[in-house]
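Dock chains B and C against chain A, hints included.
Residue numbers (my numbering), protein chains in the order written: chain A, 1 to 343; chain B, 1 to 343; chain C, 1 to 343.
Careful: at least some of the hints might be erroneous.
Note that identical chains are pooled: a pair holds if it fits in a single copy or bridges any two copies.
[Claimed, not checked] For lysine-lysine, the following PhoX-like pairs were computed, each having C-alpha atoms within a straight-line distance of at most 25 Å:
{"id": "1", "residue 1": "Lys-336", "residue 2": "Lys-194"}
{"id": "2", "residue 1": "Lys-293", "residue 2": "Lys-315"}
{"id": "3", "residue 1": "Lys-315", "residue 2": "Lys-335"}
{"id": "4", "residue 1": "Lys-293", "residue 2": "Lys-96"}
{"id": "5", "residue 1": "Lys-96", "residue 2": "Lys-194"}
{"id": "6", "residue 1": "Lys-194", "residue 2": "Lys-339"}
Think of the hints as simulated: they come from the structure by calculation, not from any bench.
Keep in mind the model is a prediction, meaning the values are calculated, not measured.
The chain contents come next:
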Amino acid sequence: MTTLGEIAAVSSTRLQGCDAATVVTGIAPLNRAEPGQLSFLTHSRYRQFLAVTQASAVILSTGDAVDCPAPALVADNPQVAYARAAALFEPVAETKPGIHPTAWISPAAQIAADAWIGPHCTVEAGAVIEAGVFVGPNCVVGEQAELGENTRLVAHVTICHRVRLGRRVLVHPGAVIGSDGFGLALDHGGRWLKIPQLGSVLIGDDVEIGANTTIDRGALEDTVIEEGVKLDNQIQIAHNVRIGAHSALAGCVGIAGSARIGRHCMLGGGVGVAGHLEIADRVQVTGMSLVAKSITEPGVYSSGLAVEPNRLWNKISARLRRLDEMFRRLAVLEKKIDKDGST
Amino acid sequence: MTTLGEIAAVSSTRLQGCDAATVVTGIAPLNRAEPGQLSFLTHSRYRQFLAVTQASAVILSTGDAVDCPAPALVADNPQVAYARAAALFEPVAETKPGIHPTAWISPAAQIAADAWIGPHCTVEAGAVIEAGVFVGPNCVVGEQAELGENTRLVAHVTICHRVRLGRRVLVHPGAVIGSDGFGLALDHGGRWLKIPQLGSVLIGDDVEIGANTTIDRGALEDTVIEEGVKLDNQIQIAHNVRIGAHSALAGCVGIAGSARIGRHCMLGGGVGVAGHLEIADRVQVTGMSLVAKSITEPGVYSSGLAVEPNRLWNKISARLRRLDEMFRRLAVLEKKIDKDGST
Amino acid sequence: MTTLGEIAAVSSTRLQGCDAATVVTGIAPLNRAEPGQLSFLTHSRYRQFLAVTQASAVILSTGDAVDCPAPALVADNPQVAYARAAALFEPVAETKPGIHPTAWISPAAQIAADAWIGPHCTVEAGAVIEAGVFVGPNCVVGEQAELGENTRLVAHVTICHRVRLGRRVLVHPGAVIGSDGFGLALDHGGRWLKIPQLGSVLIGDDVEIGANTTIDRGALEDTVIEEGVKLDNQIQIAHNVRIGAHSALAGCVGIAGSARIGRHCMLGGGVGVAGHLEIADRVQVTGMSLVAKSITEPGVYSSGLAVEPNRLWNKISARLRRLDEMFRRLAVLEKKIDKDGST
Chain A
1 MTTLGEIAAV SSTRLQGCDA ATVVTGIAPL NRAEPGQLSF LTHSRYRQFL AVTQASAVIL
61 STGDAVDCPA PALVADNPQV AYARAAALFE PVAETKPGIH PTAWISPAAQ IAADAWIGPH
121 CTVEAGAVIE AGVFVGPNCV VGEQAELGEN TRLVAHVTIC HRVRLGRRVL VHPGAVIGSD
181 GFGLALDHGG RWLKIPQLGS VLIGDDVEIG ANTTIDRGAL EDTVIEEGVK LDNQIQIAHN
241 VRIGAHSALA GCVGIAGSAR IGRHCMLGGG VGVAGHLEIA DRVQVTGMSL VAKSITEPGV
301 YSSGLAVEPN RLWNKISARL RRLDEMFRRL AVLEKKIDKD GST
Chain B
1 MTTLGEIAAV SSTRLQGCDA ATVVTGIAPL NRAEPGQLSF LTHSRYRQFL AVTQASAVIL
61 STGDAVDCPA PALVADNPQV AYARAAALFE PVAETKPGIH PTAWISPAAQ IAADAWIGPH
121 CTVEAGAVIE AGVFVGPNCV VGEQAELGEN TRLVAHVTIC HRVRLGRRVL VHPGAVIGSD
181 GFGLALDHGG RWLKIPQLGS VLIGDDVEIG ANTTIDRGAL EDTVIEEGVK LDNQIQIAHN
241 VRIGAHSALA GCVGIAGSAR IGRHCMLGGG VGVAGHLEIA DRVQVTGMSL VAKSITEPGV
301 YSSGLAVEPN RLWNKISARL RRLDEMFRRL AVLEKKIDKD GST
Chain C
1 MTTLGEIAAV SSTRLQGCDA ATVVTGIAPL NRAEPGQLSF LTHSRYRQFL AVTQASAVIL
61 STGDAVDCPA PALVADNPQV AYARAAALFE PVAETKPGIH PTAWISPAAQ IAADAWIGPH
121 CTVEAGAVIE AGVFVGPNCV VGEQAELGEN TRLVAHVTIC HRVRLGRRVL VHPGAVIGSD
181 GFGLALDHGG RWLKIPQLGS VLIGDDVEIG ANTTIDRGAL EDTVIEEGVK LDNQIQIAHN
241 VRIGAHSALA GCVGIAGSAR IGRHCMLGGG VGVAGHLEIA DRVQVTGMSL VAKSITEPGV
301 YSSGLAVEPN RLWNKISARL RRLDEMFRRL AVLEKKIDKD GST
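Only chain A is shown next, with the shape it has when bound in the complex:
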């Protein structure tokens, strides 16, 4: 429970047509909000609901504030203002410091006095867990792994040996950080020999790592995720990859070994990046595309194909197989026409 005044202060918004003392008890979408609730407008298609919303105030842009029929909190960046306001309504996780009696902590691990280690956790020898860290239930922290201040492992997270997480890193359930890279040598008999994976993983400050995402340790040097990177669920990061600061990767992205992704990049869902290439800063790749060679210029890149009715698609893909033939037939025609034209 808070007031519009407090919300405005936290979210750096300006009150328009509403009272700072109004009490707010929750948040709801525009068309469902009731009096006493906060709402927001971040997509223009919901603008129609401004006239009918019951919300006590709506966070919106200076543009949308013009002639706005609803009480408003006007923001330069409504997304950011909303994020800040919504944080007031998050249930506060109780994180009493201590170690749950069912956790197993190696006597050779170092745990900050105010950290929390939850039920059924395993913390191995040499691990270092810094101040304010929260380790949720059933997590594993391997030998000599380090968790920086205020880092949070939600539940069922595996941090392998020697992996280092920075401060305020948030790791969702099922994520695995520091598994062996897929390093193999082929012997003369066609059998695979494992190449030891001697590097580790270094995760910068303020990184978020989604559920069931996997990040492999480097073969010799470290796999590096720079500060502020946001990784959605079920992402696979292979060994020796480096992801530049403040890049965001959507679900199911796969990055092959030794690829380097720039800073402030955005990769859509299901994108694949081949190994040993570089992507410049500020590159965006749309969903289900394949980056097969380096990208040197910022911009938006794509190779995903959208669905058509199956019958049409079957025709298209049959034709596609004959595309080379078609080009040759076109060239033949062009020659004939030119000759005819010249006669």
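The following block gives chains B and C in isolation, referenced to the frame of chain A:
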């Protein structure tokens, strides 16, 4: 161990050329079945084996029963009949009620007297576990999460806080339900600010959720999986998605935020669905296709391309890059010909 | 700490321009190695660094050894030699035999005297854990599952009931082996009925299974991964699949039910394989391709499309939708020209 008569009763099949009293001890494929075993014919290409099978009876369709040389259990829907018959041969999981001594249960959780909580489970405060629920080893049930009657978590499942599962839900190992959605606001400095994920996940009755599948909680309202939905392994469901009743999604599907999938849909393996769109009821999408805009009509949709020999594919994809040029060259030719024709 | 002589012996390499007694304390890339460190040259693009490297010796091929300015360990197969040499520098995992006091072992399980069962593990009734097995923290080994000699589960691994792993199998965190296959029968009301999954999974010797990879049990017979197969992270293997010996699958591959992959195959990252088909031995499929029908000949196959600038790609994909029309227009032109030519 059962008899053909019992099997016929359970599977609603009719005996043809066999004796209800015949004892059956197991199930095997047509070409491997021995006397005393049940078999089935659900694909016509295995029809050849009817003449030679040693099975004591074969579940098959009324069509295949005509002139069938083998003893048969004749079904309207052999797949369904087989599913019912096979259930007789499942090893019965012993689910003695109780709480394993190594489980940790918050004193503020409610556990039905006949539920089972396995080794190394964590059940947090306010969780409600209803009658007949089975929670396998090393599962985590978060604060105020609810598991409906006879729901079953196989092992290593994470149910996050406030998530609600209906009755007879089956969740396979490594699945994560209720992780934070990937909600981010970009500030003026190009840094990502987390948008609190205040919604939850609602799973209907009779839903099955595959191994390592992830379902994110809603940003404000709930992510909803309606009754009877079947999700294969390694599926990613983003925040605020709704999946209509009785839809089935194959492995590695990814659904982006706020997408709405209809009822009785079928998505093939590796399909991607973009965010904020709607798919009508009874839509089928074939494997590795991308749904990039709404689909309003039932039917089959595709955009997956099948492999060719690499050398040919390289030619095709090089030509593809010049497809726009080709259309323009074709149009030029057409003009010339028309002009020539008109002269 | 070892010597060049020992490394040469282990890696079957020949010393050139260096002394067998030289002490080596670690490994580093060519351009970063310091005296006392070993390095290697496996990609020609790093050849330039041979002139400046400080490494005490460089593992390289007989070809690269000619006129090599750096001290060298000359190998027939530098990748294999490197793999063997690097193994000398792996931290030795201490695997004292025993059962961690927090593990829960069914009295009806059989554990070899020299096996190790880590903290918070669950080992169910009838499980058999053979000599030298290492079960890391928070793993689950189901009823009657069997782990062959010297097999290693790193952490958080789920081995379901009756699954059998061979010898020296290495399973990374979060992997799930033996979850139910996605077997469903559609009843007349459009509801899905579960088909019991009565088979199991059989994993051969020397298989490696990546983090969060899932392998489903067979519907009736077993899913089989033959000896020496290497599976990267986040791979999905459906029920009844068979993968031939010594095949390697990169991250995020998905194999649908009953597909059979040959021996010595290599599938790139994100490849999808449809169900009920066969891939011959020694087939390679490049990243993000879809195998939709059987492949009978060895060779390299592809269907992945690489990114273009988004604006160009939008044009291409719009044209692609009209590809059938284009072929027809081309054929019309050809007819006209032929007629004109014949006049």
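Hint by hint, here is what the structure shows:
For a Cα distance limit of 25 Å, the shortest separation of Lys-336 from Lys-194 qualifies neither inside one copy, at 59 Å, nor across copies, at 63 Å. For the identical chains of this complex, Lys-293 and Lys-315 are inter-copy neighbours only, at 17 Å across copies versus 30 Å inside a copy, given an alpha-carbon limit of 25 Å. With identical chains, the CA atoms of Lys-315 and Lys-335 are at most 25 Å apart between copies only, with a shortest distance of 22 Å across copies and 28 Å within one. In this assembly of identical chains, Lys-293 and Lys-96 lie within 25 Å of each other by CA distance neither inside one copy nor across copies; the values are 49 Å within and 47 Å between.
Taking the shortest Cα distances, Lys-96 and Lys-194 sit within 25 Å of each other only across copies (23 Å), while inside one copy they are farther apart (44 Å). When the C-alpha separation of Lys-194 and Lys-339 is checked against a cutoff of 25 Å, the pair qualifies neither within a copy, at 63 Å, nor between copies, at 66 Å.
Comparing the model with each earlier hint shows violations of hints 1, 4, 6; every other hint is respected.
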